[in-house]
Amino acid sequence: MDPDKPSSSLLSQEETARPFAQAGARPDPAFQFEPFPGNPGIGTVVEALLKKPGSLLHELSGPRRNGILLRLLVITTFCALIYGLVVGSLSGGTQLWAAPVKITLGLFFSVLICLPSLYIFLCLSGADLRFGQVCGTLLGLVSLMALLLIGFAPVAWIFSQSTHSVVLMGALHLIFWIIALWFGARLLWGLLAYCKSPDSGQVKVWVILFVLVSLQMTTVLRPLVGTADTLLPTEKKFFLAHWISVMEQSGR
Amino acid sequence: MEVSNDSYSRRLKLLCLGRAEPMSAWLDETSWRWPLFCCLVIVLGCGLYGLTVGLWRSPLQSVFTGLKFPLLIFLTCLGNALLNGMLGQVLGSGLTFRQTSLAILFSFTLVSLILGAFSPLALFILYNTPALESAQRGTGHSLTLLTHVLLIAYAGIMANHRLLQLLHKRAPSAQSARATLFAWLAGNLFLGAQLSWVLRPFIGSPNMPVQFLRDEPLEGNFFEAVWNTLKFLFLT
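Sequences listed follow chains A and B, in order.
Residue numbers for the first sequence follow this note's numbering, so the first one is 1 and each next one is one higher.
Residue numbers for the second sequence follow this note's numbering, so the first one is 1 and each next one is one higher.
Since the hints were derived computationally from the structure, they do not count as laboratory data.
In this text, all values refer to a predicted model and were calculated from it rather than measured experimentally.
C-beta: ideal position from N, C-alpha, C; glycine also.
Among these hints, one or two may not hold up.
Just the calculated beta-carbon pair ranges, DEER-fashion [claimed, not checked]: (1) A:Ala30 / B:Leu230: 52 to 58 Å; (2) B:His168 / A:Ser200: 18 to 24 Å; (3) A:Phe78 / B:Gly220: 34 to 40 Å; (4) A:Gly201 / B:His168: 18 to 24 Å; (5) B:Phe232 / A:Lys204: 36 to 42 Å; (6) B:Pro59 / A:Trp182: 47 to 53 Å; (7) A:Val74 / B:Phe232: 32 to 38 Å.
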């Protein structure tokens with residue numbers, strides 16, 4: 001047996017249909033770990049992200065991993081740019097290009113900062129995975145988030161056209177982002193189920209870290225929703241302090 | 001004794017995964033290569049993390065801390081090697097002196113891996129911390145201190161959890177495994193705290209110069225400093 005080969009890729013035919021749900025519970029068809037039916041085009045990957053994340057996780061441990069990673073990268077970039085455009089539409093002007101660029105870069109920076117710790121946390125959870133699989137899953141997580149944000153984009157756009165309140169729009173984007181992350185994190189639980197890891201506590205800690213890093217990233221790259229004199233901030237702030245100061249300014 | 005054929009990178013992964021079976025087998029190996037590789041991982045992991053710890057104060061402090069952090073680990077291991085070996089035998093862990101040192105070295109290797117993985121996160125926190133030149137530098141120093149305490153504590157807890165798994169594998173009873181771990185932990189914390197005092201500064205106080213060691217490093221001790229701080233806080 002190849003020691004570097006993850007145990008998860010050695011699943012039998014019966015085990016690939018092992019549901020995400022616990023034994024005895026009703027099987028979750030979304031988390032059946034079976035290969036894609038045909039060539040994994042962008043459409044197939046999008047469909048897998050939404051409907052069959054189990055298949056995506058299975059493919060990420062197979063020979064077609066690099067192609068899927070590339071497609072995930074394209075999906076994330078495209079969706080983040082589009083959603084960024086919607087975010088920037090509140091203020092218009094420079095923000096129409098600055099917000100999409102900042103949101104996309106911020107998303108990738110957050111991924112890069114948190115990737116090493118995710119790999120270690122998954123190992124500490126007992127998940128025997130290759131680094132590429134972890135990269136792919138994290139990219140899948142942000143891709144799913146970005147896709148869901150695209151779904152929220154029309155709602156966000158309607159609100160951004162009918163209000164000038166930075167606080168309201170900021171809160172709305174935050175709610176959408178949290179919902180998207182909630183669904184995106186399912187990929188991590190799926191990954192743990194895929195490699196039969198008994199412990200999800202470490203990964204829950206990592207999700208908290210990722211949330212904190214992402215929220216701080218929005219403050220580092222401010223303004224995203226409103227406008228400012230400079231493209232990037234000149235003062236360092238903790239995200240909570242920034243939110244409080246924005247709310248105080250808007251209350252005056 | 002059977003020698004495991006796993007590559008060293010695979011062994012690091014098994015260490016993270018907490019697989020007690022191979023970890024236990026490594027204790028019986030006579031080769032020094034794997035322990036030396038663990039030392040290298042400690043130098044790299046803790047060194048990298050140490051660089052981020054000192055960077056808030058200055059780049060030079062960063063280099064000093066990058067050197068001192070692994071040094072602290074090695075001095076703690078060496079200083080307590082004899083005591084830990086004795087405690088291991090007295091408390092019935094079933095480990096020899098060499099195996100005791102190796103087990104502790106493995107746990108510090110895991111600490112280094114976790115801290116190394118936290119380095120990008122620590123850099124991001126540093127980027128967001130009020131700078132030394134700003135009016136809020138006191139906040140910056142406290143924030144840096146608190147963050148590193150939390151990250152190091154997490155790494156320490158995880159490593160000790162793995163060490164306990166290894167001890168459960170080797171010790172004849174769960175009670176002796178727990179007793180051995182707590183005895184080692186107490187000894188290492190006691191010596192480690194004092195060594196960290198001797199090797200100070202790590203973050204670097206904003207009001208003091210950048211130095212590899214303070215002018216009189218052996219003067220005073222960690223516990224006296226804590227006691228004086230508590231007296232200052234509550235009795236004055």
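Now the hints, each set against the structure:
Checking the proposed 52 to 58 Å range against A:Ala30 and B:Leu230 shows it holds: the Cβ atoms sit about 55 Å from each other. In this structure the hint that B:His168 and A:Ser200 lie 18 to 24 Å apart at CB holds, the actual value being about 22 Å. The given range of 34 to 40 Å is broken by A:Phe78 and B:Gly220, whose C-beta atoms sit roughly 60 Å from each other. Between A:Gly201 and B:His168 the CB atoms are about 19 Å apart, so this pair conforms to the stated range of 18 to 24 Å.
Roughly 39 Å separates the CB atoms of B:Phe232 and A:Lys204, a value that falls within the hinted 36 to 42 Å. For the pair B:Pro59 and A:Trp182, the beta carbons lie near 41 Å from each other, so the given range of 47 to 53 Å is not met. In this structure the hint that A:Val74 and B:Phe232 lie 32 to 38 Å apart at CB is violated, the actual value being about 59 Å.
Of the numbered hints listed earlier, those contradicted by the structure are 3, 6 and 7.
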